[in-house]
Amino acid sequence: MAGAFAVAIVAFIVIAAGGINKNLVYYWTPTDLLSAGDKAYGATIRLGGMVASGSVKRPTGVSGLEFDVKDAGKIVHVKSNGVPPQMFRENIGVVVEGTMTRGGYFQCNRLMVSHSNEYRAPKAGHRMDKKELEKLMRTTEGLKD
Amino acid sequence: MTATIGRYLILASVMVSTIGAMVSFAAGRKNSPEGVRWAQRFAYAFAALMFLATATMEYALLKHDFSVGYVAQVGSLSTPTWVTIVSLWSSLEGSILFWGFVLGLYIAGATWLTRNDHPDYMPYAIGTWLACGAFFSFLLAAPANPFATVVNPPLDGPGPNALLQNHVLMIIHPPFLYLGYVGMTIPFGFACAALMRGKLGQSFLRPLRAALLLPWCFLTIAIMLGGWWAYEVLGWGGYWAWDPVENASLLPWLTATAALHSAIVLERRGVLKGWTVTLVQASFLLTILGTFMTRSGVFNSVHSFTQSAIGPTILAFLAVILLGSVALLALRMDSLEAEGKIDSAASREGMFLVNNLIFVLLTFTVLIGTVFPLIVEAVRGKQMSVGRPYFDSMVVPAGTALLFLLGVGPALPWGRASRQQMLKALLPPLITGGVLFAIGWAMGVTNVWTLVTLLFGGYAAHVTLVEMFLPFVQRLRRGEGFGSALVNGQLRRGRRRFGSYIVHAGMVIVLIAIAVSSTMRTSREVKLHKGESVTIAGYAFLFGGTEERAEPNRQATIAHFTVTKNGKPVTTMEPRMNQYVAMREPIGTPAVYSTITGDLYVSIMNIDSDSIGILVLTEPMVGWIWIAVIMMGIGGLVALIPSRKVVILSAAKDPLTEAEGLATT
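In the order they appear, the protein sequences are chains A and B. Residue numbers for the first sequence follow this note's numbering, so the first one is 2 and each next one is one higher. Residue numbers for the second sequence follow this note's numbering, so the first one is 1373 and each next one is one higher.
Note that these hints are calculated values from the structure, not bench results. A couple of the hints might just be wrong.
To be verified - Chain B side only, calculated, beta carbon under 10 Å to chain A, not exhaustive:
no.	residue
1	Ala1717
2	Val1732
3	Phe1736
4	Thr1737
5	Gln1755
6	Pro1761
7	Phe1763
8	Met1766
9	Lys1899
10	Met1949
For each residue, glycine too, the CB sits at the ideal point set by N, CA and C.
Chain B extracted, bound-state conformation (with noise of 0.2 Å):
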């Protein structure tokens, strides 16, 4: 019964897209008012069929209905009642229907937000997004359909995928992850209705710009959260390792920033209008191909829980999406005319530029780095992966040119600028640069890009917090009080420009962090027995033997150890191995201690009946990198929240109104 109900639901959902596309484009081709209201009706209902379906799939889990095929599939009566909720994204079907009620949200909160503006762009947008959602309703309707009815329905079932129960964070990933890759449909419709209206103006700009924020906030996220989770399970220490499932969440991820960035420059001086449409569609064709390459199966990672048929239908629509987004491209591009030119290489834009290029390689060398594997396998048959090392040696280089852009760029003023202003923005940074490369010195840092890293980290540090409270100042030095001037130069007024340089600081953040992290960390593996004990990096880590622990679905083998440090206690670490019903084999869980200066970190490798063999570890500043990104998602949000419409002055000599043009329009 409830089966079929979601059965009809997904039928009905893939008619009411399906048309509801039709109706809108109609709609924007005949310019007509009402076809508008009923291209926003569609948009209404698809989202409202796809809650619904969700709805019951959810109460099919709850109810334990084996009777509904997914359930049958991934639900069983002995777990617990969260795992049971979260199992609607355990495997390939229930995380298709997840999809398609994230894009219903997405789809209705963005027409509605639109519902009185614009009317000569949404309805090709609103047709684009609904013929997105027409896809996935098809997916959910034929090859990944969660609903199919069990004849014979079983009396439990096997549970989801032993390793989505065992840690919280693979039940936080998911969504966060959804809601980035999901959203990045929005501004994709509005870029593809950007170039079949064939203009691009200010005043669309800023539904655009927002509706790439918002997943870009969640995507930075769930990046983030995906390593956190490796490293806390996968018991290997380390939290990226370059496999594909990771390259498909950045590969957007780094796209999207790029038309973050090219926006701003359309948004000040009406160029790259073309460049910027088309990284936002690149965006949204990578979650495309990050679907396929996670959802296929083509790469057999950790992350694939499952192979089908899917595959050919995922790529045959990223066919579809790419080659309708060149032929608009192609067809269109002449239509969105630059209003201005960049006068000079060496100003704000020029950096703006440069951050592009980087962007746009760092995409590249990622992409060929994940796809050349499945290109030869494909050409020539051969079996083989490519290396970690040439990720590295490509992505260390890209990513320290963009911490030094990130120092030298924001200190740049728009347009040209004269030599004593560009020096008199330029060199003070430098002494922070030089703090930060000597504390690294004076710690022991030796190697270059480490030490290169925190010269260039200093200097852009210096530059976002100048940036970050330059209205503040500003203000301050007028004679406003000092709250007023926070809370005015900010919040009120500046939100953008302020939570643009939160997220600069993040960043900076975060590259500090991953240099520090991955060259100063120290590792042993070693085998010890009850009583035994190691030492590194001065901490002695005491053996204290092994426990079983019976749980309701799963046994437990924890091991003990007692920390110390120059003989004073610093804590106690029980790393375990899950034995779940399911599984022919143990899962590991590393125990992790965190510091503000560090983690300890230490992994079972395996159990013998006298002895434990271990890979510790020593991983400085780690944990910095988990909240320099939570604060990213943060400044993300906070500038996403518009700010008190200001009219901006033609003449901004005014320095209040030129700090704060970015936070206005």
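The following block holds chain A by itself, in its conformation from the complex (with noise of 0.2 Å):
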């Protein structure tokens, strides 16, 4: 009985070990991104940054959206398929989840925009620092299947 537990046990550590890399998502900027190279393509990304000025457009299609990202120097196109939350805007800190295509453009298939449940009042232009960005990437809220 030992025995088919310790084989029990290795095939666990063994199959979760490749669950695990298998299913990571990495919390990328859009220099990040670009810079990555071949890697970029196919894993599960969490993109952050800025909604780019004017890059926003709301095709004819029932809920189709597209937009830039942008930081501090790149700037990245996403095409999203689902209806935007409602402080989805052009200059606010979002955080994209989803793939990178070949077709230049990265897909999204969630979309979280920043807020903090912290009590300060609204400031106009407000601009998303680092640490609330590292913060969005790892909440769930604005999460849907």
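Join the two chains into one complex using the hints; note that each chain is given alone, in its own frame.
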């Protein structure tokens, strides 16, 4: 019986290690993403940055959406099929989860808008700082299947 | 003034718990009856101080005394009274104070219930509890001081986190979680006492098991309430996302469930002593780990209200109890001698072992997935998280295996069984399993895991019901009257057995409902103008426009939907967006319409001047999860009420005694 247990535990470790490796979600900025080369394709990525001004397009489709996510220097084009959250707008911090496609755009499955639950009065032209972005990259709020 | 009183109460409880712990351990070593009485007095004194400190804080909250630090932080003149009362656990410092209050209740209760029993173990147990009490008192005295004096008190405060105000489940979820979490301190104390004493006999097993079962019931309900809250509030239509905070509540539940089962084998066969003690200690450690993960801000999720320097302090406590537990186990494990052995793998006890193996593997699966990103970040400085598919791909097979055991385990007899006995026990439930499978197939279930879940679930339900009512049926066969057989067999004698199988029945329903609701749901995201409608799974949702409503603490935008099926009205649904004064953005509240077969769910994603973006879902069987988990909690409480003492005859050939054997001792 002890032998069977040992086999089960070893098998479990192998499966768990493989499972984690396959399902890691990386937290990247546009700069990270564009400098990652081939590694950028296929992996699930949480891309964090600002929605570039003037980039939001809402095509005639029911709920399609396109916009650019930028950081200090780089810009990544994002396509999303979902309905964006209420707060979504230009010049706001977002985290999009999805994959980079060979077509040169980021296919987004989840769109999360930067906000915090702390008690701060709304500020005009609020800019997201790094800490807030990190926090957002980890939150499950705005998460949907 | 109030702040000062509270502060002194906390400082007094630091002293009382520290000295009390030392006195208790000394009493254990010297084996002095007078020392035991002093240990008890210190335990009651600690509980009284924690009660008074908490009462002081509630008084300050209700009086809106903004000179008390915590009140200035979470109080507000505009919040309703019930929100003010529960503000106690709405933020970090207050929730630690609430922890201390619950810990005091548990310590005083456990001390009182065992006041005349186990004088050789109890001082060690009380000492361990008070040592934990000393730690939480210290937290309240230094890093998480809720009674800081505010020199220039504000005229009004910001009020508690709006997410808390937004739904009543967020009010009842924390107390249940705390009753579950904090309660694990009591069996931990018993386990440490058994190790320090170097003995774990039948008589001491009973309070250990009871002390584990009570917080287990609360924790079970708390986990469900957390999921229910996420479902009713967060608006993505699910109830579980493998969020670190959710995992933190699940981890001790897994080990505690394993311990409850290994304790039965220990009771029956006298084996697994060290193992059971290890599981109990692990459950407590995991509650502290969970507190660290949720309270230190290492993970930032919806549940983390604030960040503070409290993290390192809890981590240090965690390290101390981990090292202490491991050292105790290493030094004393050998003294917990096995009194018997397990004869056969294909037996009830063999299935208990497999059950324990799966629960421990599940614990590791969830633990690794939760902690891995932290380790990677600490070691390599890279940020990442472990995606949901990892958890699903690991937990679904393990959960299915547990469901299989829920059927096969109780069907198998204790000890060695003949081939005929096994076949007679194992074959009939296949019919019920097959029936459920066929029903699922006919209803259009195609997912393999869901079909397997239905098969195993039907099997387990059959076995559970047969075993649950076995004492009743046996008494009927012996010619007892219906009422008398029911009362004697199920409620008077066999309560522990009856309660256990109620828990099993609840678990079977939960697993089936989770499988069905997660694989059979339909969802659509859609943008609607006023007067437009969307049809999903036969239900038509007509958008009738929005309405603004001013409420005392918030501004609400309410959308009106009329739901029809085949032209017949079903219900109206009103999902809303609540804008709280202190928050930058609105919080959505989805509308949920529940029926016995499933829920309709509408969540607002955004509102423009002329249109609305919504997420619409149908979720079959989701409500069954909440009901079945409540059933599990009640079953656990039924099993907890001690039955009348019955002497077990050594010749347990009498099937009645055999069936009720579990219920006795």
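Verification of the supplied hints:
| no. | hint | result |
| --- | --- | --- |
| 1 | Ala1717 | 5 Å, holds |
| 2 | Val1732 | 9 Å, holds |
| 3 | Phe1736 | 7 Å, holds |
| 4 | Thr1737 | 6 Å, holds |
| 5 | Gln1755 | 4 Å, holds |
| 6 | Pro1761 | 5 Å, holds |
| 7 | Phe1763 | 8 Å, holds |
| 8 | Met1766 | 6 Å, holds |
| 9 | Lys1899 | 6 Å, holds |
| 10 | Met1949 | 7 Å, holds |
Hint compliance for this structure: no hint is broken.
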